[in-house]
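Asks: Here is how the chains run, residue by residue.
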Amino acid sequence: MTSRLLLLALLGLVPVMLMPGWTSALIVAAVIIIVAVVDFFLVPPPRLVSLQRTPGPMVRLGDPTDATLTVVNDSPRRLRLAVRDAWSPSAGAKSTRSRFDLAPGEDAQLVTQLLPVRRGALHGDKVTVRSRSILGFISRQRSFDVPAIVRVLPPFISRRELPSKTQKLRELDGRSAVMIRGMGTEFDSLRDYVDGDDVRSIDWRASARAQDLVVKTWRPERDRRVVIVVDSSRLAARRCGDGTVFDAALESALLLTALASGAGDRVDVVVADARIRAIASSHRSKDPVHDLSVALTTVHPELYDADWEQISSTVLATSRQHALVVLVTALDEGSVSDEILPVLPTLLARHRVVLASVEDPGLRELAAKREGTDEIFTAAAAESELLTSKSLQTRLRGAGVQSVEAAPDDLPGALADLYINLKATGKL
Amino acid sequence: MSALIDVATRGTRSSPAVPLTARLRSVGVWIVAAAAILITVIATMLMTSDRGSDAPLHYDSTARDGTKAMVETLRDHGVEVTTTEDFDTAHTASGQSDTTLLIPTKADMLSLGDIDGFRSELSTNDNRLVLVDPGYTVQDFTDRITVNDSLSPLASPETISQPDCTVDSAQAAGPAETGDAEYAEARKGTEGLHTCYPFAGPGVTQIDGGEVTPGSAHGQLIVDESAGGKGDFPVTVLGNPDWVTNAGIDEEGHASLVLSQLSQTDHLVVYYPTETGEFQAPPSTLDYVPSWFIAGALWLVPCVFILLLILGRRFGPLAVERLPAIVPAVETVHGRAALAARSHDRTGALHTLRTGALLRIAKRLALGPEAGLHDIIVAIANTTGRDPAQVESVFSSAVPCTDADLQHIVHQLTLIESEVS
Numbered sequence: 001m002t003s004r005l006l007l008l009a010l011l012g013l014v015p016v017m018l019m020p021g022w023t024s025a026l027i028v029a030a031v032i033i034i035v036a037v038v039d040f041f042l043v044p045p046p047r048l049v050s051l052q053r054t055p056g057p058m059v060r061l062g063d064p065t066d067a068t069l070t071v072v073n074d075s076p077r078r079l080r081l082a083v084r085d086a087w088s089p090s091a092g093a094k095s096t097r098s099r100f101d102l103a104p105g106e107d108a109q110l111v112t113q114l115l116p117v118r119r120g121a122l123h124g125d126k127v128t129v130r131s132r133s134i135l136g137f138i139s140r141q142r143s144f145d146v147p148a149i150v151r152v153l154p155p156f157i158s159r160r161e162l163p164s165k166t167q168k169l170r171e172l173d174g175r176s177a178v179m180i181r182g183m184g185t186e187f188d189s190l191r192d193y194v195d196g197d198d199v200r201s202i203d204w205r206a207s208a209r210a211q212d213l214v215v216k217t218w219r220p221e222r223d224r225r226v227v228i229v230v231d232s233s234r235l236a237a238r239r240c241g242d243g244t245v246f247d248a249a250l251e252s253a254l255l256l257t258a259l260a261s262g263a264g265d266r267v268d269v270v271v272a273d274a275r276i277r278a279i280a281s282s283h284r285s286k287d288p289v290h291d292l293s294v295a296l297t298t299v300h301p302e303l304y305d306a307d308w309e310q311i312s313s314t315v316l317a318t319s320r321q322h323a324l325v326v327l328v329t330a331l332d333e334g335s336v337s338d339e340i341l342p343v344l345p346t347l348l349a350r351h352r353v354v355l356a357s358v359e360d361p362g363l364r365e366l367a368a369k370r371e372g373t374d375e376i377f378t379a380a381a382a383e384s385e386l387l388t389s390k391s392l393q394t395r396l397r398g399a400g401v402q403s404v405e406a407a408p409d410d411l412p413g414a415l416a417d418l419y420i421n422l423k424a425t426g427k428l
Numbered sequence: 001m002s003a004l005i006d007v008a009t010r011g012t013r014s015s016p017a018v019p020l021t022a023r024l025r026s027v028g029v030w031i032v033a034a035a036a037i038l039i040t041v042i043a044t045m046l047m048t049s050d051r052g053s054d055a056p057l058h059y060d061s062t063a064r065d066g067t068k069a070m071v072e073t074l075r076d077h078g079v080e081v082t083t084t085e086d087f088d089t090a091h092t093a094s095g096q097s098d099t100t101l102l103i104p105t106k107a108d109m110l111s112l113g114d115i116d117g118f119r120s121e122l123s124t125n126d127n128r129l130v131l132v133d134p135g136y137t138v139q140d141f142t143d144r145i146t147v148n149d150s151l152s153p154l155a156s157p158e159t160i161s162q163p164d165c166t167v168d169s170a171q172a173a174g175p176a177e178t179g180d181a182e183y184a185e186a187r188k189g190t191e192g193l194h195t196c197y198p199f200a201g202p203g204v205t206q207i208d209g210g211e212v213t214p215g216s217a218h219g220q221l222i223v224d225e226s227a228g229g230k231g232d233f234p235v236t237v238l239g240n241p242d243w244v245t246n247a248g249i250d251e252e253g254h255a256s257l258v259l260s261q262l263s264q265t266d267h268l269v270v271y272y273p274t275e276t277g278e279f280q281a282p283p284s285t286l287d288y289v290p291s292w293f294i295a296g297a298l299w300l301v302p303c304v305f306i307l308l309l310i311l312g313r314r315f316g317p318l319a320v321e322r323l324p325a326i327v328p329a330v331e332t333v334h335g336r337a338a339l340a341a342r343s344h345d346r347t348g349a350l351h352t353l354r355t356g357a358l359l360r361i362a363k364r365l366a367l368g369p370e371a372g373l374h375d376i377i378v379a380i381a382n383t384t385g386r387d388p389a390q391v392e393s394v395f396s397s398a399v400p401c402t403d404a405d406l407q408h409i410v411h412q413l414t415l416i417e418s419e420v421s
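Chains as they are written, first to last, in the UniProt record's numbering: chain A, 1 to 428; chain B, 1 to 421.
Quick caveat, the hints were computed from the structure, so don't treat them as lab data. Where hints are given, some of them may not hold.
Per the computed footprint, the stretches of chain A lying under chain B, defined by three or more beta-carbons under 8 Å from a beta-carbon of chain B, are [said to hold, decoys possible]:
#1 3–17
#2 112–126
#3 197–205
#4 232–239
#5 314–322
#6 365–371
#7 374–388
None of these values were measured; they are calculated from a predicted model. Don't be surprised by glycine CBs; every beta carbon is placed ideally from N, CA and C.
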């Protein structure tokens, strides 16, 4: 039924009011019903149309993309269509409806603009086709599954910190030996002596050959291994700030990957909860950050506990040589003392382990509010959470694990600083 | 990379062939709904047509005061019974030969014209008329019978009346229950009129002053065989309605009496007068509205229906969103706080807050991990210039007995901590 049928019915008012009575009303109603039935059989069935969806390029969260729906009239009849290109609400489709008038064999394209509001693989929903005849009193509609997926990568907001961190890392290059000379540095090159250089870094043999003072320079070690383990268990599903803890963990992993692969280290990322969800490596990858983003796109936290024994064996299998293992997880008393601490010795035997966790900014706010009795009890509960995580950090330090805890927005930067610090002191 | 994904996720319309079972399932709902509606309608129709009327003395009524038993018994005995509520049908049927017309009740609803119609039809074929407790309406049918209004008001008739007459069927039937009304001949000494079952008992006397002269023949059953009076057809009056009801027909001699009176002819017409509704309703405001306006207004009803169908039709199903799991984080904190508040664990709460504050202050005052509680308190007192005893009380010894105590100590604690920084 369409608005034209309503108009026809309203037109029926004229004869009905001119000739009041059951007979005239029945005759007018019968005419309208006959017209509607005839029109129903005149309408080309919607299944005559062929549909194809082509999703647009994958984007980072916050950038617009699009999806193209191609409507082809394969039938020998003319099709007058209204088409709804439905997408799940988080895909942020702006306008999904349009009308087509297709001659036999003709095709048309409907480009739906999308502005996704959520990371992940966003599915196209059904395509609904509504068909009508030239009379247009009756329309027939049908919905079809036309599978399509738009991939939305993690936003990687923290990439704005990347230039400053890279700059910091570069400052380590070419420093004179004494400042940083240690286990993690290697010989870089020889250059002419300038005033202010440490006399102890003068290479006398080279100076004798060159008849001029020459100093050795050093740079941080390259080709180290970094393994980032991102916990996607139930503890990562916690809401924290604008997103979840997992989002902040992904940001940290992306920034560290960008920084470390830029500094010449090899980065492997393992996302795991009760099972291994995703593995990505910067090895032989032209754009490690992009590849990692793609690998992480479809992963969402699940309500399981993490299996740390499996994770530790995966880490050991990933890197046989000494590596920096970064565990991005939660400082939860149960999981740390029962699950992580027992597997630490095997990891520490071969690797250096660092633990990064997201601190809930809501906790500090709650701990600071102390007006009424209820607020005092809430503050005490929040304070007890903070104390627990602090004591866990102390325990981890005792076990030889450095830890960093920060608010979701600050964690990527804090983890990058920790990495630079370790690099500078040659502890990788 | 992008080309790969492009190919992998490009989708075309999936096969339009819906499995037969799925199609049947979606169609099944409508079939079941249509069947349910059909069954309901049929059942309603059957029940309404089967139930019959439950009006008193109605020929279809199976209630205690119905007369279906009598009608069915007569049918079983070979009498061709025509039952109707329609005047025209009754009027026509009563004109057949060898017919008895029975009006079991509500004779007073008939107009004089209707009664004249019946009388002319009955007299044409010398058909019989049987009335059940007609009241004063009996005078419209015949001028030979009337209600016995000469009965003494002090009379208390016995509950069982004896025939006390020469009518064969009454004598054969024997005694019958006494009703409320008695009929009598209109003029004393009318010929060919038999009265049976007169009231008998203490105080039953006829007094003067009524229409009926004392000493007239009277009784609850009056059989006028003479075909005299206004019409020339036999009239029988059954004075007690209980004699013909489903409940009463099997008492005493009722069945014999009634059936013998009604089975004297081959045909019996039972006419149950109903209100014809011909009375004129007072004119309502609707009568002053022009008919074209009413027609237009009524026509808008289907228009609105079409509009609702148009507006209510959804353009495809709702789009589905597969959301990831998200756990509200600080919920556990609130839950733990509520538990502590319910158990009034003030000491525990205060202890936690003190520990947190001491750790922060120790860090700020650059005290090492080896510093004990006393060292920190002394350092606080030195920094803030407060009395060490007061600081010690706030940070260690004071015990909160009430909520007010707790608030006071916590406020002091927060104040001192802010002073240190």
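Asks: Please go over all the hints and tell whether each is borne out by the structure.
Replies: Evaluation of the provided hints:
no.	hint	result
1	3–17	holds (count 9)
2	112–126	holds (count 5)
3	197–205	violated (count 0)
4	232–239	holds (count 4)
5	314–322	violated (count 0)
6	365–371	holds (count 3)
7	374–388	holds (count 13)
The structure shown violates the earlier hints numbered 3, 5.
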